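Engineer: Sequence:
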Amino acid sequence: MFVYMDHTATTPTSPEVLKAMMPYFGEKFGNPSSVYSFSRESRAAIEKAREQVASALNADPAEIYFTGSGTEADNWALKGTLAKAKSKGKNHLITTSIEHHAILHSAEFLEGYEGVDVTYLPVDSEGFVSVDDVKNAITDKTALVSVMFANNEVGTIEPVREIGALCRERKIPFHTDAVQAAAHLDIDVKAMNIDMLSMSAHKMYGPKGVGALYLRKGVFPENFMHGGAQERKHRASTENIAGIVGFGAAMEILKGRLQEDKAINSARRDRLIAGILERIPHAKLNGATGDKRLPNNINFSFIGVEGETLLLDLDAKGISASTGSACSSESLDPSHVLLSLGLKHEMAHGSLRFTIGRLTTDEHIDYVLDVLPEIVARRRAMSPLWEDYLKGENK
0 MFVYMDHTAT TPTSPEVLKA MMPYFGEKFG NPSSVYSFSR ESRAAIEKAR
50 EQVASALNAD PAEIYFTGSG TEADNWALKG TLAKAKSKGK NHLITTSIEH
100 HAILHSAEFL EGYEGVDVTY LPVDSEGFVS VDDVKNAITD KTALVSVMFA
150 NNEVGTIEPV REIGALCRER KIPFHTDAVQ AAAHLDIDVK AMNIDMLSMS
200 AHKMYGPKGV GALYLRKGVF PENFMHGGAQ ERKHRASTEN IAGIVGFGAA
250 MEILKGRLQE DKAINSARRD RLIAGILERI PHAKLNGATG DKRLPNNINF
300 SFIGVEGETL LLDLDAKGIS ASTGSACSSE SLDPSHVLLS LGLKHEMAHG
350 SLRFTIGRLT TDEHIDYVLD VLPEIVARRR AMSPLWEDYL KGENK
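Residue numbers (numbering that gives the first Met the number 0): 0 to 394.
I should point out that these hints are in silico values taken from the structure, not numbers from a laboratory.
Heads up, a few of these hints could be off.
[Stated by the list, open to error] No farther apart than 27 Å at their CA atoms in a straight line, the calculated lysine-lysine pairs in the DSSO-like style are these: (1) 254 to 283; (2) 47 to 291; (3) 216 to 134; (4) 189 to 254; (5) 291 to 189; (6) 254 to 18; (7) 232 to 283; (8) 232 to 261; (9) 207 to 89; (10) 261 to 216; (11) 47 to 216; (12) 207 to 78; (13) 216 to 85; (14) 47 to 87; (15) 189 to 261; (16) 170 to 207.
These figures come from a predicted structure and were not determined experimentally.
Just need the whole structure built from these sequences, with the hints factored in.
Structural biologist: Right, dumping it as structure tokens:
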């Protein structure tokens with residue numbers, strides 16, 4: 000049996016999306032920047048996709064700019080905003096300690112090479128950032144606040160609406176990385192006071208290699224890509240027409256089935272969480288619970304075992320899971336997210352992330368619950384860390 004439980008890393012491109020994309024690989028190949036009618040078909044396809052993405056966010060189509068990825072959108076939001084703000088004497092960025100590396104590494108670059116002051120806000124044991132902490136961190140030099148919508152590792156959904164309202168009141172641009180959240184949650188950029196928002200198509204059953212940055216009217220960071228006049232002179236490079244068409248189709252499909260997917264995934268998520276807690280002693284759920292957690296996210300730590308070892312054992316049984324962010328899967332360091340939640344190194348090292356989606360069935364949940372307890376028990380039996388833990392428990 001093949002069980003794919005890493006939908007946060009990527010999702011398969013849906014057949015409907017692939018069907019919408021196919022003509023733009025062949026017969027409709029015109030460059031949308033050309034003026035003749037053949038190329039105007041490509042331009043019209045891009046504008047339709049822009050409308051589809053905007054509609055899902057309650058945004059205006061003119062506020063959607065297509066990029067090559069969610070990472071590019073994050074880089075553009077941070078680097079472009081600070082580049083413009085520095086000319087006005089503002090050089091302070093506020094973000095959190097649990098952001099995706101696309102944000103953290105951009106912040107580190109700004110800090111090290113551009114002289115930007117960065118405040119990395121802490122989170123509590125469930126992964127929530129405090130709105131009061133954001134408020135207290137703001138200075139007259141603050142140029143941008145960037146807080147992720149929902150965490151990619153532990154699924155905690157941040158108080159974005161409240162942070163957005165605070166930033167709007169203080170007249171400070173607010174950016175949120177919604178690469179994970181956009182696939183699972185209702186997002187209304189107007190009601191939530193969001194100025195900039197990053198997305199990626201391949202997290203929502205669309206193609207890889209295309210993302211988007213929502214920019215509220217009047218909010219224009221400095222250009223990140225330079226060259227041609229594409230994307231209304233804000234993002235140079237010939238457009239990935241097929242990818243953009245796929246992104247639009249994926250967003251339209253998602254909008255129509257978001258509530259259904261959310262209900263199904265939440266039920267399966269809760270059943271898997273309950274089953275692990277019942278069958279595996281000393282298993283720790285990481286992140287928030289209930290509707291404060293992404294409906295597809297399950298993250299556990301198992302004292303006494305290495306997460307990488309568990310992944311290999313699960314893979315041998317046909318189960319694909321993760322220890323954290325796919326973008327740092329080759330790193331042997333413990334998750335910066337779990338450490339920020341207060342976990343000790345040995346607990347952070349023993350973590351697994353299961354993320355379910357449209358490929359997941361009830362049979363898959365049952366299979367994981369049958370296989371995982373035996374794997375954890377067997378690895379613990381060989382672990383000196385587990386022996387030391389038991390000795391401490393019995394004192």
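Engineer: If a hint holds in the structure, say so; if it does not, say that too.
Structural biologist: Here's how the hints hold up against the structure:
1. 254 to 283: Measuring from Cα to Cα gives roughly 33 Å; hence the hint is violated.
2. 47 to 291: 33 Å, violated
3. 216 to 134: Cα-Cα ~24 Å, so holds.
4. 189 to 254: Distance of about 17 Å is within 27 Å: holds.
5. 291 to 189: Between residue 291 and residue 189 the Cα gap is close to 21 Å, so the pair holds against 27 Å.
6. 254 to 18: 18 Å, holds
7. 232 to 283: Cα-Cα ~49 Å, so violated.
8. 232 to 261: 37 Å, violated
9. 207 to 89: 35 Å, violated
10. 261 to 216: 30 Å, violated
11. 47 to 216: Satisfied, since the Cα-Cα distance of roughly 19 Å is no more than 27 Å.
12. 207 to 78: With a Cα-Cα distance of about 23 Å, the restraint between residue 207 and residue 78 holds, given a limit of 27 Å.
13. 216 to 85: 21 Å, holds
14. 47 to 87: This hinted pair is violated, its Cα atoms lying about 37 Å apart.
15. 189 to 261: With Cα atoms ~22 Å apart, residue 189 and residue 261 stay inside 27 Å; holds.
16. 170 to 207: 35 Å, violated
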